[in-house]
Amino acid sequence: KATLQVSSEVDNGALVPDTYLVRQSLLDAEGQVVTSVETSSQTILAKEVQDNQCQLVVENPHLWDVDDPYLYTLRTEVVCQGRVIDATDTPCGIRDIKFTADEGFFLNGRNIELKGVNCHQDHAGVGSAIPDALQVWRIRQLKAMGCNAYRASHNPMTPALLDVCDSLGMLVIDENRLMGLSPEHIGLLERMIRRDRNHPSIIMWSDGNEEWGLENSVIGTRMAASMREYTHRFDPSRPVTIANAGGYQLIQGLEVVGYNYIVQNDVMNRRRAHPDWKIVGTEETTGCGTRGVYFPDAEGRWMPAINRTDTTYENVIERGWKFYAETPWASGLFYWTGFDYRGEPNPLGYPAVGSEFGLLDYCGFPKDEVWYLRSWWTNEPVLHLLPHWNLQGHEGEEVDVWAYSNCEEVELWVNGKSLGRKPMPKNGHLSWRATYQPGSLRAVGYNHGRKVMEEKLHTTGPAAIMALSADRTQILADGRDVAVVTLQLNDKKGRFVSTACEEIEISLTGPARILGVGNGDPAFKGSEHPDELECQHFRIPTFNGLAQILIQSQPASGAVTLTTTGVGKPASLQIQVK
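Counting from 1, position 114 in the sequence shown corresponds to residue 438 in this note's numbering; the numbering is continuous, with no gaps.
Be a bit skeptical, because a hint or two may be false.
Claimed, not checked - In silico SDA-like cross-links for lysine to any residue, where the CA-CA straight-line distance does not exceed 20 Å: (1) LYS893 / GLY850; (2) LYS902 / ASP456; (3) LYS893 / GLU826; (4) LYS750 / MET777.
None of these hints come from the bench; they were simulated from the model.
Using the sequences provided together with the hints, build the complete structure.
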């Protein structure tokens, strides 16, 4: 059984008083009424706004869950003189959440480790003007690597993104932009919560992030306490957190303590001092770098992953996951970040103009670390080798060959010679020292002594083939829907050329437009499109063998043909707009 407490406001915009009642009906996913209730008739004055409270009792509710994101619809109708004069539908879900000090997070009574990422809201080719369909695509990329939680960084999310998280089963920390107690600060907090509080995906409100001037002070603690009470006034059903950067004391009195980076927060000693604290890792570093780059770039545009180069913090991405995976009293973690984003190229500077913290690059192409998380965040068999074997200019040098896998054992062959079979450490990776010469890498994964999968990498020839693929080949003719197209450069044998950076011409015909293009290069300034008004023709370099094209429908049906030239024979892809 579940009880829904429903609050609705009725506004009489007329010039005279009137009488009305409110009917609340809960509809299931098929549109059938599950339960309903009506308020008694009441009088409302001209220009008055009245609050109406009622309860709906649901027997045997279908619960919303990350693996089964079931949504109901609450239909609210204003009935005046026997007629429905206004109605609104509110999607909602029924679920139970609980944070505990000893066992972490529970959803519907089931203990779940939060496997999360932080994300800014921007994407290659469109900046922060992300279409709703692209929001769906981005969340699906995160779900594919086993991610089940998303933290907004560091401002309220667009409602469209929350709708996607509701429908796909992604847990959310919804975050306020600024801490403060002025009417402006509290007004911002209230507007966020009132707007978003019906989304079942939201499991916690964050009242602030890394407020260095407020942490470790009585002012910050008092401010956080006041903001917590305001937050509960607007929504008493969810706990409140604040993400702490670190220090000797932090902000005290939080319902759930948010830790940004275990290297900045002495989590274990704080656990000993405060065993009653409920905690979550609101930020933890991915240790990422530039997709497909394994050696430093002299011009400062790109960098290899910190995971492989920083001996101070060995295996950075593993450090965070191992800690939280092995800490049952913690609720989980949120990596910084899911996707690369514009700005903050730290530790690089110009000509790099984008961050490289993402598990996925600015286009959403996966970096190697995605396979590390897939190995330990999913139940699917995984075997991934790095680096690629197109390391021209490094012949004769020793390199570390890594395997990310959840197989029990992995054996590696380099140019036909076995370098040994090793057991895979839990939540870890395997490494072999090899001398680079053009040729091939081959790895075999074993479970219970039996071969279960194989991975091969080859030194390829030059780019000779353009391969086009789309996430969907049919989109809606609503002027809003988007197809995400990947352009991949292969050699004449059809093998991915992981180092190809070739200039490509892109053209489009039919009832659609090229909304934007990108390639994941953090030093990429932007593409050229000679027909700026038409958005039918672009010129862009691939980056390490890949580029992305976003095609948006026009409000007309028909076939759309995308054509690319620049490498080998022209390639084309057709998308139907219906």
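Quick rundown of the hints versus the structure:
| no. | hint | in the structure |
| --- | --- | --- |
| 1 | LYS893 / GLY850 | violated, 25 Å |
| 2 | LYS902 / ASP456 | holds, 18 Å |
| 3 | LYS893 / GLU826 | holds, 14 Å |
| 4 | LYS750 / MET777 | holds, 18 Å |
Checked against the numbered hints given earlier, the structure breaks only hint 1 and satisfies all the rest.
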